[in-house]
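Read top to bottom, the protein sequences are chains A and B. Sequential numbering of the first sequence, starting at 4, is according to our numbering. Sequential numbering of the second sequence, starting at 4, is according to our numbering.
In short, the hints are calculated from the structure, not lab data. Be careful, since some hints might not be right.
Copies of one chain are not kept apart here, so a pair can be met inside one copy or by any two copies together.
[Said to hold, decoys possible] Here are the computed lysine-lysine pairs in the BS3-like style, where the Cα-Cα straight-line distance is at most 25 Å:
(1) 27 - 152
(2) 222 - 27
(3) 32 - 48
(4) 187 - 222
(5) 152 - 32
(6) 48 - 154
(7) 32 - 217
(8) 336 - 162
(9) 152 - 48
(10) 162 - 32
Note that the structure is a prediction, hence the values are computed from the model and not measured.
2 protein chains.
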Amino acid sequence: MSTEIASLGEFGLIDHLTKGIELKNESSKYGIGDDAAVLVYPAGKEVLVSTDLLMEGVHFDLTYVPLKHLGYKAAMVNFSDIYAMNGYPKQITVSLALSKRFSVEDMEELYAGIRLACQQYGVDIIGGDTTSSLTGLAISITCIGEAEKDKVVYRNGAKDTDLICVSGDLGAAYMGLQLLEREKAVFKGEAQAQPDFTGKEYLLERQLKPEARKDIIEKLAAANIVPTAMMDVSDGLSSELMHICSQSKTGCRVYEEHIPIDYQTAVQAEEFNMNLTTCAMNGGEDYELLFTVPISDHEKVSQIEGIRLIGHITKPELGQALITRDGQEFELKAQGWNPLKENEEVSE
Amino acid sequence: MSTEIASLGEFGLIDHLTKGIELKNESSKYGIGDDAAVLVYPAGKEVLVSTDLLMEGVHFDLTYVPLKHLGYKAAMVNFSDIYAMNGYPKQITVSLALSKRFSVEDMEELYAGIRLACQQYGVDIIGGDTTSSLTGLAISITCIGEAEKDKVVYRNGAKDTDLICVSGDLGAAYMGLQLLEREKAVFKGEAQAQPDFTGKEYLLERQLKPEARKDIIEKLAAANIVPTAMMDVSDGLSSELMHICSQSKTGCRVYEEHIPIDYQTAVQAEEFNMNLTTCAMNGGEDYELLFTVPISDHEKVSQIEGIRLIGHITKPELGQALITRDGQEFELKAQGWNPLKENEEVSE
Numbered sequence: 004m005s006t007e008i009a010s011l012g013e014f015g016l017i018d019h020l021t022k023g024i025e026l027k028n029e030s031s032k033y034g035i036g037d038d039a040a041v042l043v044y045p046a047g048k049e050v051l052v053s054t055d056l057l058m059e060g061v062h063f064d065l066t067y068v069p070l071k072h073l074g075y076k077a078a079m080v081n082f083s084d085i086y087a088m089n090g091y092p093k094q095i096t097v098s099l100a101l102s103k104r105f106s107v108e109d110m111e112e113l114y115a116g117i118r119l120a121c122q123q124y125g126v127d128i129i130g131g132d133t134t135s136s137l138t139g140l141a142i143s144i145t146c147i148g149e150a151e152k153d154k155v156v157y158r159n160g161a162k163d164t165d166l167i168c169v170s171g172d173l174g175a176a177y178m179g180l181q182l183l184e185r186e187k188a189v190f191k192g193e194a195q196a197q198p199d200f201t202g203k204e205y206l207l208e209r210q211l212k213p214e215a216r217k218d219i220i221e222k223l224a225a226a227n228i229v230p231t232a233m234m235d236v237s238d239g240l241s242s243e244l245m246h247i248c249s250q251s252k253t254g255c256r257v258y259e260e261h262i263p264i265d266y267q268t269a270v271q272a273e274e275f276n277m278n279l280t281t282c283a284m285n286g287g288e289d290y291e292l293l294f295t296v297p298i299s300d301h302e303k304v305s306q307i308e309g310i311r312l313i314g315h316i317t318k319p320e321l322g323q324a325l326i327t328r329d330g331q332e333f334e335l336k337a338q339g340w341n342p343l344k345e346n347e348e349v350s351e
Numbered sequence: 004m005s006t007e008i009a010s011l012g013e014f015g016l017i018d019h020l021t022k023g024i025e026l027k028n029e030s031s032k033y034g035i036g037d038d039a040a041v042l043v044y045p046a047g048k049e050v051l052v053s054t055d056l057l058m059e060g061v062h063f064d065l066t067y068v069p070l071k072h073l074g075y076k077a078a079m080v081n082f083s084d085i086y087a088m089n090g091y092p093k094q095i096t097v098s099l100a101l102s103k104r105f106s107v108e109d110m111e112e113l114y115a116g117i118r119l120a121c122q123q124y125g126v127d128i129i130g131g132d133t134t135s136s137l138t139g140l141a142i143s144i145t146c147i148g149e150a151e152k153d154k155v156v157y158r159n160g161a162k163d164t165d166l167i168c169v170s171g172d173l174g175a176a177y178m179g180l181q182l183l184e185r186e187k188a189v190f191k192g193e194a195q196a197q198p199d200f201t202g203k204e205y206l207l208e209r210q211l212k213p214e215a216r217k218d219i220i221e222k223l224a225a226a227n228i229v230p231t232a233m234m235d236v237s238d239g240l241s242s243e244l245m246h247i248c249s250q251s252k253t254g255c256r257v258y259e260e261h262i263p264i265d266y267q268t269a270v271q272a273e274e275f276n277m278n279l280t281t282c283a284m285n286g287g288e289d290y291e292l293l294f295t296v297p298i299s300d301h302e303k304v305s306q307i308e309g310i311r312l313i314g315h316i317t318k319p320e321l322g323q324a325l326i327t328r329d330g331q332e333f334e335l336k337a338q339g340w341n342p343l344k345e346n347e348e349v350s351e
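I would like the entire structure built from these sequences, with the hints used as guidance.
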């Protein structure tokens with residue numbers, strides 16, 4: 004079925020897509036349906052705001068990304084930014100601009116993904132804007148969250164001797180993207196052909212349906228750990244480490260042998276004849292949490308499942324370096340994903 | 004001068020555009036430079052959130068809209084949504100997606116307009132996203148504001164016998180757009196020719212550089228008036244009145260003779276052979292405030308300069324009607340600007 008969006012109009016489409024949306028968080032006082040949404044945050048909470056604009060053909064390719072997954076991921080990357088401040092996402096606004104090639108059913112799919120993400124992470128959809136575009140799809144999501152007063156974690160608090168920690172594993176989302184891009188190239192023109200991704204499910208899931216690390220934030224809180232600095236790994240570990248070091252005015256040492264990498268990522272790197280460490284350091288879109296803790300928290304943080312110690316913070320004059328398995332030092336370089344500076348992309 | 008954006012990259016461009024931005028509001032704790040901005044709103048305030056996504060070719064035409072004006076207006080339409088809740092805008096996030104045809108200098112112009120608007124209305128730029136698009140420019144702004152607890156004004160509070168008020172005058176922005184569209188058509192292909200807009204400056208200003216009505220919100224507060232319902236006139240008076248009535252479950256009577264119209268608007272409607280009342284009722288983009296007050300506030304509201312009483316709220320069974328100068332009743336119709344339902348546009 005394919006219903007033309009013009010048959011509903013702007014207000015009709017918004018009504019249709021947002022039907023049945025309920026506000027569940029105490030801080031959400033009034034949602035969709037007025038000039039602005041109304042929130043009430045209690046004293047003792049700080050309010051976090053993060054925003055992202057995703058453009059078709061730049062941030063996503065609808066030839067291999069299902070709209071429902073796209074909606075899920077678009078919400079997730081914003082949740083991830085809020086967790087990266089040691090907070091919890093509570094509300095989002097969703098703005099969409101779409102060309103005539105999209106149907107009402109397409110937008111239902113996209114919204115279903117956004118709603119699923121919100122449901123699973125306890126976030127309310129409180130507003131947005133739906134309009135047309137001349138070409139392609141644009142998705143702009145703003146996320147509002149809360150953190151306990153004085154528990155917000157910035158990028159600039161890392162100190163000499165702090166331990167550098169990362170959650171989950173790295174490089175898989177990037178490898179999933181390479182896989183999808185290769186299959187797209189191979190199967191171009193053969194719409195019926197279906198690629199076989201058996202044994203590579205984890206890589207695809209990391210690329211198409213990432214999860215923000217709410218669980219890690221909860222575990223840190225339960226262990227009474229407040230990181231000294233934190234951010235999420237969206238552009239690649241190297242790039243994020245350099246942000247933390249430059250904003251904290253420190254150096255760092257990261258050990259290749261400690262970088263967490265999944266088995267499927269390693270197999271795929273070999274199949275593609277790519278350098279595994281480069282993929283893990285620069286791949287991006289992992290949405291894992293990178294953070295530093297004082298060395299006195301070593302025992303507590305070591306006991307948390309799913310967190311790996313990968314190095315330590317140093318004095319600034321020691322620079323930012325990766326130590327390879329054979330003991331060589333390489334200066335970190337940000338080769339992360341940067342849509343405005345294409346010649347620096349890892350994939351080029 | 005025209006500097007390629009690729010020479011700066013994403014982070015470089017953001018740094019360049021946001022250099023020197025300071026946070027002036029007490030509620031703005033941390034702005035650009037981390038995963039999320041951090042706000043601290045005191046107890047006793049409600050937090051308002053509004054968002055807009057503007058697409059080139061749909062919401063603006065760069066053949067006659069200077070980028071600086073575009074930036075100013077993009078910020079202003081969001082401020083207007085916050086005033087329309089009886090609040091004050093305090094922060095915005097700015098996300099831009101731009102194609103290769105834009106230069107660093109173009110983005111400086113756009114940002115200069117946004118910064119000017121923020122400076123004049125006391126709003127802090129706290130974050131955003133800058134990325135590339137395959138074609139055209141997309142601007143997504145989210146505005147955060149505050150209102151005194153229990154002083155937020157919704158669309159749904161109008162009551163039978165309430166007076167309907169509107170600020171400023173209506174239809175001029177729409178007339179300015181018609182004027183620009185006509186000149187564009189006339190001068191197509193003659194890049195050197197400059198149209199003569201003498202005597203039509205007000206119409207152009209209303210279209211290109213609208214002002215949000217902060218002053219009206221301040222005057223209402225000074226007069227101790229809390230409207231029962233309010234919204235801003237962005238889609239056209241008819242459409243907005245219908246929103247207030249349907250959400251408040253009321254009818255209304257609006258009098259043609261009381262609708263405020265500027266002299267230049269009237270002259271231009273005649274020149275274009277257009278129905279003046281239709282333009283004022285359905286033109287849109289006026290960014291005036293439409294609100295209702297109890298009849299007991301009649302004297303107080305009448306004394307405020309720049310506010311016109313245009314009718315009153317009725318019981319729902321009386322419907323929503325315009326009373327013409329010769330006493331005829333016409334049911335209100337929403338013909339407002341609706342980019343997703345093109346056949347209903349006033350201009351078609």
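Here's how the hints hold up against the structure:
With identical chains, the CA atoms of residue 27 and residue 152 are at most 25 Å apart both within one copy (22 Å) and between copies (20 Å). Taking CA atoms no more than 25 Å apart as the test, residue 222 paired with residue 27 passes inside one copy only; the shortest distance there is 23 Å, against 36 Å between copies. Proximity of residue 32 to residue 48 under the C-alpha cut-off of 25 Å is found in both arrangements, the shortest distances being 16 Å within a copy and 12 Å between copies. Taking the shortest Cα distances, residue 187 and residue 222 never come within 25 Å of each other, neither inside one copy (39 Å) nor across copies (61 Å).
When the C-alpha separation of residue 152 and residue 32 is checked against a cutoff of 25 Å, the pair qualifies both within a copy, at 21 Å, and between copies, at 11 Å. For the homomeric pair residue 48 and residue 154, the shortest alpha-carbon distances inside one copy (9 Å) and between copies (22 Å) are both at most 25 Å. Taking the closest pair of Cα atoms, residue 32 and residue 217 come within 25 Å of each other both inside a single copy (24 Å) and across two copies (24 Å). Taking the shortest Cα distances, residue 336 and residue 162 sit within 25 Å of each other inside one copy (21 Å), while across copies they are farther apart (64 Å).
Taking the closest pair of Cα atoms, residue 152 and residue 48 come within 25 Å of each other both inside a single copy (5 Å) and across two copies (17 Å). Proximity of residue 162 and residue 32 under a CA criterion of 25 Å is satisfied inter-copy only: 22 Å between copies versus 40 Å inside one chain copy.
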